[in-house]
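Engineer: The primary structure of each chain is shown beneath.
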Amino acid sequence: MSAISILQFIVVGVSMGAVYALIALGFTTIFRASNIVNFAQGEFVMLGGLLTNFFLVTCAVPYLPAAALAVLGVVLVGMGLQVLVIHPIRKAGVLIMIMGTLGASIVISNAPIPLSSIANLGYLRDPFTLPRITTSVESIGILGARISIQRIWAIGASLALLGALYCFTNYTRMGKAMESSSTSPLAARLVGVRVERMVLYAFAVSAAVGAVGGILIAPIFNMRYDSGVLLGLKGFVGAVLGGWGKLSGAVLGGFVLGVVESLCVGLIPEYGSRYQQMWAFLVLLVILYFRPTGILGSEDVE
Amino acid sequence: MKRLAKNTNFQVAVVLAVLPLFVPEDFFRFLCLGAIYSIAALGMSLLLGYAGQISLGHAAFMGIGAYTTAILTTQYNCPVSLAFLASIVASSLIAYVIGKPILRTKGFFLALATLGFGEIFFVFTSRTDPVIGGLVGIGGIPYFSIAGYEFTSYTQMHYLYWAILLGLILYAQAMVRTRTGRAFRAISVDELAASSMGIDVAGYKLKIFVISAAYAGIAGSLLTTYLSMTQPYGFRVDLSIFLVLAVIVGGMGNLWGAVAATVALTWLKDEQLSQYQEYSALIYGVILILILVFVPNGLGSLRGLFVRRAKAGTDEAAI
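Order-wise, the sequence lines are chains U and W.
Note that my numbering has the first sequence beginning at 45, numbered continuously upward.
Note that my numbering has the second sequence beginning at 2, numbered continuously upward.
So here's chain U without its partners, still in its complex pose (with noise of 0.2 Å):
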């Protein structure tokens, strides 16, 4: 094995990492605004990509006021499981809410066959592929690696968006209002926080997150109505293994994540690329053993 194709795998893997990272950033958000872990999180991804092919292929919308519309459509998804699973059951304990969120999403993972069959748009059952965000340039390399520029993107989207949320939490008023409605909501309540309504803007947030990450991978990789279980779970143990509740340890995990991914699949001959989607979850069993806490250390896991 030469040192340009384990390059090459680190490359591939920084770049799925990044699309972990930013299904991390979406439960990290939720987390740190209800102390919920929403299991439903991958159906945001999965829905970004499917409702940016929606309105691309039978609404004819150009490529970005398509995403943007995706983006929204998925925000709505994400406030509308807020409001009518999450609020419902928000008392009744860890056991429900995480079987509620089960329930979203096995929901919203079955929606797109009926809804197909009652528009007659059969596509929407079928793998897909979006186009790729530029187009001029197909790859650049990296000391002999090579890299495409949608990858490149990927990256930029995690680390901008990891950036923008650091900035939301810790410098804006509401951010600061998100955090207090999970650390003390009598607290937050008493000094005026409206703290159902932060957590319904926190699903939002997360929703709109998830559907970048959605329509940033689904160029990559084929994408389908059912894709969002998998993505959903591997962001959860990115979160995990970089360090539960921090915004920087769900970017660093899901990097982490993606690169230990693909150096499993590159470098174990034979049975690497076989048990592909094993890795994730050996990973976790490995972490929660020896580190539950994760890379950067969690204050939020005992």
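Just so you know, these hints were derived from the structure itself, not from any lab.
Below are the DSS-like pairs computed for lysine-lysine, each with C-alpha atoms no more than 30 Å apart in a straight line:
| id | chain 1 | residue 1 | chain 2 | residue 2 |
| --- | --- | --- | --- | --- |
| 1 | W | K107 | U | K220 |
| 2 | U | K135 | W | K270 |
| 3 | W | K107 | W | K208 |
| 4 | U | K220 | U | K135 |
| 5 | W | K107 | U | K135 |
| 6 | W | K101 | W | K208 |
Computed beta-carbon distance windows for the label pairs:
| id | chain 1 | residue 1 | chain 2 | residue 2 | range |
| --- | --- | --- | --- | --- | --- |
| 7 | W | V98 | U | L159 | 40 to 48 Å |
| 8 | U | F334 | W | V24 | 53 to 61 Å |
| 9 | U | Y107 | W | S196 | 52 to 60 Å |
| 10 | U | M218 | W | S196 | 39 to 47 Å |
Each residue gets a CB set at the ideal place from its N, CA and C atoms; glycine is no exception.
Got chain U; can you put chain W on it based on the hints?
Structural biologist: Structure of chain W alone, referenced to chain U:
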């Protein structure tokens, strides 16, 4: 005799024993499946309802039981009864190994870790072709038999499965009444308090995890002889969610409740929703959410609702 007549175990056993006299044999198709899934749900009820530990990977333990039986009977000509015992050992053993790291976590993380374990099992079984047949799985598994007696008709299987279930429920009832059972309840309420009372929290958690995996292994082994085949998609996360849902609907810490809920949900899923084809999963998801929103404490809690209402009525009358 009077005490016996009031015993739930006895009542249910009598009803199930005389049922074949009154209903057509077709009816037992779903009742057999209901019994098999109920055995797994019993294990989940012990783990979740008594000890308060969630697992979204129990389908994998069923799968381990199923695959052990399938491999031993089809490729090593092992008698089914022996393969059945091996299945229980296999699922318990893997639960013991995997339980140590996994059970250090709680709540959301325990859910994720067990989900991850289930996904590892699915990827492994669906991507391994030799011996276990990849996505196609294994077929041609013989019927359950003990000492040459083969259970082939639905009625025979009905008696077999419910007899096993009754034995397992008696074992579970006996266990939860002992010191061990009280330790589980203490752990589910407050782990810190439990450990300060001298309860070996990690040890008990591992014990209940292994026992509930053994129940799942029994269910998986029976399922594979019932269907005479096994495949990875039969043991995915949706089955784990189904088992957790059955425990919620039946009421936490209510063993017969979990059985009744499993039979009812099996009927709903296999006999009713399946006719809606591509809508079935969507409808199932919606029903799941509605259950969580309106009866998060199980259907048994509805009875309490009526009692409380009646009380409130009398209070008003008093004023």
